[in-house]
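Spelled out, the chains give:
Number of protein chains: 2
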Amino acid sequence: MARTQGSHSDITGPRIHKAALKLFAQHGYAAVSMRQIAGEVGVQAGALYNYTPDKQSLLFHLMHGHMDDLLSARAGSKRVKDALENLRQFVGFHIRFHLERPDEVFIAYMELRNLTPENFAAIEALRRTYENDLEGILRDGVAQGVFAVPDTKVATLAVIAMLNGVNTWYRSGGRLSLDQVETIYWDMVRKAVAL
Amino acid sequence: MARTQGSHSDITGPRIHKAALKLFAQHGYAAVSMRQIAGEVGVQAGALYNYTPDKQSLLFHLMHGHMDDLLSARAGSKRVKDALENLRQFVGFHIRFHLERPDEVFIAYMELRNLTPENFAAIEALRRTYENDLEGILRDGVAQGVFAVPDTKVATLAVIAMLNGVNTWYRSGGRLSLDQVETIYWDMVRKAVAL
DNA sequence: CTTCTATATGAACAAATGTTCATATAACGT
DNA sequence: ACGTTATATGAACATTTGTTCATATAGAAG
Chain U
1 MARTQGSHSD ITGPRIHKAA LKLFAQHGYA AVSMRQIAGE VGVQAGALYN
51 YTPDKQSLLF HLMHGHMDDL LSARAGSKRV KDALENLRQF VGFHIRFHLE
101 RPDEVFIAYM ELRNLTPENF AAIEALRRTY ENDLEGILRD GVAQGVFAVP
151 DTKVATLAVI AMLNGVNTWY RSGGRLSLDQ VETIYWDMVR KAVAL
Chain F
1 MARTQGSHSD ITGPRIHKAA LKLFAQHGYA AVSMRQIAGE VGVQAGALYN
51 YTPDKQSLLF HLMHGHMDDL LSARAGSKRV KDALENLRQF VGFHIRFHLE
101 RPDEVFIAYM ELRNLTPENF AAIEALRRTY ENDLEGILRD GVAQGVFAVP
151 DTKVATLAVI AMLNGVNTWY RSGGRLSLDQ VETIYWDMVR KAVAL
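Residue numbers (UniProt numbering), protein chains in the order written: chain U, 1 to 195; chain F, 1 to 195.
Just so you know, not all the hints are guaranteed correct.
Note that the list lumps identical chains together, so a pair holds whenever it fits in one copy or between two copies.
Under the rule of at most 27 Å between Cα atoms (straight-line distance), these lysine-lysine pairs were calculated in the DSS-like manner [said to hold, decoys possible]:
1) K78 to K55
2) K55 to K191
3) K78 to K22
4) K191 to K18
5) K18 to K81
6) K153 to K81
7) K18 to K55
8) K55 to K153
9) K191 to K81
10) K81 to K22
11) K18 to K78
12) K153 to K78
13) K153 to K18
14) K81 to K55
15) K22 to K191
16) K153 to K191
None of these hints come from the bench; they were simulated from the model.
Let's have the full structure, built from the sequences with the hints guiding it.
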């Protein structure tokens, strides 16, 4: 029986966000219409506006939610004294967290320019928070004399860029297991910052 | 004096491509209209169709041209015996080439999903050619016993991802000179693949 | 000067866009 | 059983979209 008007649906909201996530990741924010999102949910376009004030908010909500998830998941990791161990922990966390959410990650990197200036600033602040986390580890390592990086800011961005790259090619069930991928990347990161 | 109809303009073609390049990089392919491109050139939208059959061709032309430039510039570099030297050459080339063309690079990475399947395949083939170049260097180094990389394919993608990251933050006239940037990245790449 | 051709205009097209709103109705509280 | 309310419809809106085409004209060729 088709969903008819008036029927309650406490799950329509999440379904809209899921549909938007999938479609934005697949075709890009600007290329996806509200009608496509509605169609994916099985509803008319007008109904979307019971759950979001506009299309822009839909995008912002997705990106902000993703960054919140990232930061709170990361906050669950406890720091130890050893900078090398902290770095290893970071690399493993980053790879696994990002590979589990390819669509969110893709959107968070590709759709920044489609945010309004205020929304962009908000997301950027969260991203910087995350980067500062890694930079802190690198600085600690330098202070402890276990890392040799001439510029911690550049090294931070370089490491993150390298790790993000895994999302462009890794497919579960492929040639390499998640553990192997993690080992390979950790090996490169470790050496890259080594003495 | 405003440009009027009928006036010749053997430079309109290049100007259209430049305008499309700038606008696509700034707002994204899907978010830019033919009228915006025409406006940037100072012409009506209809005139664009004297130079391109459609919007998609405009995008494809930009990306294909960029990849051609990349491959022929790279072909100018001569390989030597020493794999480490070849790698250093590659890193320097990549950073400088990409920093000189931020808009083209941005488009080449962000707008892949807006290509038709055939156009996408063509661009991907060119990209793989470039990646194979680096992978060949890494394999040589492994064979020579000067590199330790467990998986040359992954290492190739990791190195390129790391180097591409520089485009997201480097601004000429900023804190670091181009030479410094090159040195820092070369240092990290060298160590990452070292024994 | 005349003819020809390349190039630009500007109006027109159907289709698609984000968003609004009056209307309808299914489920919940009483 | 009944009224209330949250939720969905579907039509409507003003714009904007990519693209086409008849028309006009400036400059090159003769």
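inquiry  = Hint by hint, where does the structure go against what was stated? Just the numbers, ascending.
reply    = Violated: hints 1, 2, 3, 4, 5, 8, 10, 11, 13, 14 and 15.
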